[in-house]
Every structure is written in structure tokens, then in C-alpha cells.
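Construct the complete structure from the given sequences, taking the supplied hints into account.
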Amino acid sequence: MMKIVGGHYLKVTLKSILDEICESSKSCEIDPIKLKEGDNVENNKENLHYYVDKLFNTIVKSSMSCPTVMCDIFYSLRQMATQRFPNDPHVQYSAVSSFVFLRFFAVAVVSPHTFHLRPHHPDAQTIRTLTLISKTIQTLGSWGSLSKSKSSFKETFMCEFFKMFQEEGYIIAVKKFLDEISSTETKESSGTSEPVHLKEGEMFKRAQGRTRIGKKNFKKRWFCLTSRELTYHKQPGKDAIFTIPVKNILAVEKLEESSFNKKNMFQVIHTEKPLYVQANNCVEANEWIDVLCRVSRCNQNRLSSFHPSAYLNGLWLCCQETSEHTPGCKPCTAGIPADIQIDIDEDREAERIYSLFTLSLLKLQKMEEACGTIAVYQGPQKEPDDYSNFVIEDSVTTFKTIQQIKSIIEKLDEPHEMYRKKRSSSAKYGSKYSFFKRFQINMTSKELSSEQEEKVNSERRWWGNHLTSPASC
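Under the working numbering, the residue at position 131 of the sequence shown is numbered 123, and the numbers go up by one with no gaps.
If you are wondering where the hints come from, they were derived from the structure by calculation, not from laboratory data.
Calculated lysine-lysine pairs in the DSS-like style (CA-CA distance at most 27 Å, straight line):
(1) K7 <-> K18
(2) K212 <-> K197
(3) K146 <-> K358
(4) K246 <-> K212
(5) K53 <-> K167
(6) K167 <-> K155
(7) K191 <-> K239
(8) K155 <-> K37
(9) K239 <-> K226
(10) K414 <-> K398
Here are the in silico distance ranges between beta carbons for each label pair:
(11) Q312 <-> K7: 53 to 59 Å
(12) L351 <-> D64: 46 to 52 Å
(13) L304 <-> T218: 28 to 34 Å
(14) R289 <-> V4: 24 to 30 Å
(15) R289 <-> K212: 25 to 31 Å
(16) V283 <-> K403: 48 to 54 Å
(17) V283 <-> P24: 50 to 56 Å
(18) L351 <-> P81: 49 to 55 Å
Where is the CB? At the ideal position from N, CA and C, for every residue including glycine.
Next comes the structure, spelled out in C-alpha cells:
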């Protein structure tokens, strides 16, 4: 949500500074192990401090640009934290700061291309610079770290660098910023002036206010939907002929084909007369209905019922009522989640998880060994082995988790083995189970012909659908 709603906010706040960082060749590496030959750590530290300080000051002065929707959410979050922890005043600030700094600004700084703040993925040196800046901004915005005058850094060089920011002025600035973005007061017009573009396309609309059915009533128009309004134009780029503010949309529903003898029609019900629209196909119609429902689902005074047919010649075609203001004759459906009953076999799903861990037991053992190595050896770490596709950040926690997984697997191995022996002993010669087992054994001893492989695969599919899992026995 913050990535979509706060896109313009990030652009006006961070883009100019990120452009400066990415287009500059200044080194900001302060890790003694990663310093290149000829690098001056003090100069790098000054460069990093300059970028962090400039970015921090820009962020804490940007509260007037924070979207109103985000401010409302931060306000609600702060109120809930206050009610849940009335004796700890720091929690309300920590709750807001963890969202806006950790999950918003810090993420945008470390990967600006994913937020459309930069056109391309940055090079390795720039990525390292952005990572150091992001980590510092994240910790600076953490109210818990600032208020308690401590950092969450594990690296000694980052702890030393962060001491440059442990001043009263930074704490006051963060608190003031968090107070402003979690307030319900109306922001200036400069805040969220640029709406978010959601969808556009060419469709037919019925002329407003017409009462007679005719071909001229339907005209081709270019529709454009933003987070603020729905408009239609004669052509793309032309001025809007008609505008419906999103806040005025009361319902979006399909329109019966019998109304105008046309398919793929839907209606946008708003505070004035309904807008009848015909899409080019059913897929496009459903897409428009879905996006319109999503953007207007939080509107007040949304309708609970609607007329599935049009109002023509002083009559609702669906219920034959004559008053145009008669309440709808059918419950609204669009935007309401369906009551879907999902039949999930918990035993089968648990069995799949057990099978995945069993097959990956060797990788788990390698990860366990790697965690033990990291715990006792504090030197430069080698590249990850084939046991992992990620970096082990907390070796102690990962080690304990792997041990717990292995312990559970060992406990489940015994009932699984008992189940297999029971099935083997109870299988009758010539039965499908016995047939499947014989081919399963043969697969390890000799190469099967194509006909035999087909039989084995067929039997596997049959038993996959009919055998009871061990967990359910």
C-alpha cells in the first residue's frame, strides 16, 4: 500500500538526493575489511555522514508531503499502541517509526530502481553506499534506538559511525516528524497533489440524461482512472468531458444485457445519475469493475443494494418501479468478498512439509555446520555453499531452528516407518499396492522400458489420490 500511495511522496523527498549519490563516484566504505588499496577511511566516513545527514534532514522536514491516507493509518496505529501499552509512551512512536523508516524510506533508499526513483539497477559500489545509508537511516528513525541512546548494529565500525548521530537534536527531529505524520490534521495542498494513475482505455458510454434508446446514445470515449477521479475524454490527452470524484462513487455493478441489448456493460453509481459503460470484452469489463471497486471500497455511504437494469422512460426495467430514487432491488455484489469454503486436507499438507524437510536433510546439516563455523570463527566469511540461497545473518538463531526441525523430523520418522511396514505386510500379492512396490524396487535395480515407466507413473498417480497419509491414520 505504501509503495503505491507513497510513490509521489518518495519522488519529491528522495529522488534528487538519490540521483546525487548514484551519479557521484565518492566512496563511503567504512568497513576496514572491505576497504580498497588507497582508500582513506576518514574521508569515506565524512562522505557517508554527509549523505546520511542530508537525507535525514530532508525526510524529517517532509511531513507536509506525506499522503493523507498514510497519515490516517499512522494515527490509528499510534492510537492502538497507546491503548495496548498505556504505561510505555515510547511504544506509540516505535510503532509508527518501524513502518515509515524500516518498511518505507530504508527500503526505497537501498533499492531505488524498484520504486521508480532510478532508471537502472546501481553498480556494486553504489549498492554498498546505499546499503550503509539505508542501515543508518533505519536506525536513526528507530525511536527505540534513539530514545535509549543505543544502536542495533552488530558491526563495530557501524557502532562507531552511529555515535556521530546520537545527539539530542536528532531525537527531537524524529519525534517531531512522527508526531506530524501521525496527526489527523489536514495537510497542505502541496502534499499529495499528484494522483496515482490506475487504469485507462477506450470504451463506450451512454450519453447522460438521455431517455430514448438509440445508437447515438453510445459514444466512444477515452476513460482514465486515478486514485482521485474517474474521467472520460474525446481522445487521449484532451480535456476531460466529465469527471466523477472517487469519493462520490457509491457502487460499481454489472448491467443486465437486456437494458440496451448490449453485452459487457457495467454501471458506475455515483451521487448524480448512473454512468452506463460498455467495455470491449468481458475481461476488460471485469478489470474495470474490480479496480473501481478497490479504489472506492472505503467510501462512506456506499450502497447496499442497486438496480441491475437501467432506468428508461420513467421506469426501472428490473423492478418496474417508477421513482428514479427507489432503493435498489438487488444486493450489491461487487467488492464484497465471496464466502468461499476451502476444503484443505491438513494431514496431506503436513505430510508434504515433512517430505520436503526429509528430502532436504543433507542441506539442513550443511547449514547447521555453517552456523557452527560462523559462531566460532569471526574472520572473513566465505561465499555461501550450495546449502543456501541466502546469507545467514543470525547464526545462533538459525542453528537452534535447524536443530528443532531435525528433532521433529526424527520424531516423525518412527511412525512413518511403522506405517510403511504395516502397509507392506498387509498388501496382498497381485494387488495394486504390491504391483507398485515391485516396480518401485525394480527402479533401483534396472532400467525400465517406456511401457513400464508409464505403468509406474499411472500407479503412482492412483495411489497419490487413494492412499491415506500416515498423519491421518
